[in-house]
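Undergrad: Hey, can you work out the whole structure from these sequences and the hints?
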Amino acid sequence: MSVIPAAVSRFFHRTASSPHFYALADRFIPWLTAIFILLLAAGLYGGLYLAPTDYQQGDSYRIIYIHVPAAWMSLFIYVLMAIMGAIALVWHMKMAEVMLVASAPIGAGFTFIALVTGSLWGKPMWGTWWVWDARLTSELILLFLYLGVISLYGAIEDKRAAARAVSILALVGVVNIPIIHYSVQWWNTLHQGPTVSKMGKPSIHVEMLVPLLLMAVAFKFYYLIAALQAAKLELLKREASSQWVKTLLEKQA
Amino acid sequence: MKPARKQRLILIGLMLVGLGLAATFALQAFNENLMYFFSTTDVATGKAPKNSLFRLGGMVIKGSVERPDAGLLVKFKLSDFNKEVPVEYSGILPDLFREGQGIVAKGKLDERGVFVAEEVLAKHDENYMPPEVADSLKKSAEQK
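Taken in order, these protein sequences are the chains called D and C.
By this note's numbering, the letter at position 33 of the first sequence is numbered 19, and the numbering carries on one by one without gaps.
One gets this note's numbering by counting positions in the second sequence from 1 and adding 227 to each.
Source of the hints: derived by calculation from the structure; they are not laboratory data.
All C-beta atoms in this analysis are idealised placements derived from N, C-alpha and C, irrespective of residue type, glycine included.
Misleading hints may appear alongside valid ones.
No more than 35 Å apart at the CA atoms, straight line, and that leaves these computed lysine-lysine pairs for DSBU-like [unchecked claim]:
1) D:Lys218 to C:Lys229
2) C:Lys233 to D:Lys223
3) D:Lys145 to D:Lys109
Which residues of chain D face chain C? A partial, calculated answer using Cβ under 8 Å [stated by the list, open to error]:
4) Asp45
5) Tyr47
6) Leu75
7) Met79
8) Gly113
9) Val161
10) Trp173
Non-contacting residues of chain D with respect to chain C, defined by C-beta distances greater than 10 Å in every case (computed) [stated by the list, open to error]:
11) Pro(-9)
12) Ser(-5)
13) Ser4
14) Ala28
15) Gln42
16) Ala120
17) Ser137
18) Leu222
19) Arg224
TA: Given below as structure tokens:
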């Protein structure tokens, strides 16, 4: 462990203690919220007002300002959950378990938003709400993986055992992530290929791209806020009988 | 790193490698079934099914769209820049259907070799730009 500087190692050890994590989250959340609101306002203003209309879709394309960042988040959060699952399994770190469990409902929400907004756009543009092509189907499987993590955690009484079970599920499900991402290149799909996350220049005009990236960063901040809040709640529930929770409640009463 | 942790880390690594391999083989095996549509080359080379419904994808060739009478019947040709397949469809076309755009049609090949579609979906491409940019791109392409 000598490769890690003492200060970094101290930070991790302290963050791993519940009351310290709780206080740290409390301190960060107002700042994160302020940044989130700024980014969201800029992204929405840029995307819905400043960005030009599309040469083919007119104004209907503007749903990408929700759809694409939500779809990116659905993949991003799942990868984070798998990493936290690996940390929880190898180092038995409680905070990794808590963050993993706290992330699942948020990821499920983003996946659901991506599927619904895609469907709403698909009807006028493609001419259908839903097709069973590789991209849409693998994204639907991702939603089921998230729901599986949530229900598996809820079904097991002992929360340490439950966390181990969902860590394994999160790791197993991670094979689906490259499948979702590359589905549009490996197979013929009705869903279009990548616009931004491909080699070379994004095939989207820069005035349309900037608000999209702003929205993507805003969504990341939203995730941080929501995950920290959920992790705080999870800690309180798990350690309801411990001394630091009692002191905290007395202070707030 | 403690040996027990190292062991667990290696175990997880092996599990991921195993899963990745299993997924790769499974997807390879089902490769054909995961294709949402056949290309026009598949039809020309006889890879597409003869007497059953399938989906055909391709680009609507510029200038190939005709409406022979006042009804809903539309005839056009699809291409993947290699082989062409004539298509007939009678019904309402989606908004994004236009010449030079990709579409996916579901239907059957008849004995004339014409693909008779019962459903036409527009396939959007990955390009987003304002109308002025599209116009100037078109102009510069014409000048060449």
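Undergrad: Hints first: check each against the structure and report whether it holds.
TA: Verification of the supplied hints:
1. D:Lys218 to C:Lys229: holds (30 Å)
2. C:Lys233 to D:Lys223: holds (31 Å)
3. D:Lys145 to D:Lys109: violated (43 Å)
4. Asp45: violated (12 Å)
5. Tyr47: holds (6 Å)
6. Leu75: holds (6 Å)
7. Met79: Result: violated, 11 Å to nearest chain C Cβ.
8. Gly113: Holds: closest Cβ of chain C sits about 3 Å from D:Gly113, inside 8 Å.
9. Val161: With a minimum Cβ separation of about 5 Å from chain C (threshold 8 Å), the hint on D:Val161 holds.
10. Trp173: holds (5 Å)
11. Pro(-9): holds (17 Å)
12. Ser(-5): holds (13 Å)
13. Ser4: Since the minimum Cβ distance to chain C is about 22 Å, D:Ser4 lies beyond 10 Å and the statement holds.
14. Ala28: holds (19 Å)
15. Gln42: violated (6 Å)
16. Ala120: Given a closest Cβ separation of 5 Å, the condition is violated.
17. Ser137: holds (21 Å)
18. Leu222: holds (29 Å)
19. Arg224: holds (22 Å)
Figure legend: structure checked against the earlier numbered hints; hints not met, in rising order: 3, 4, 7, 15 and 16.
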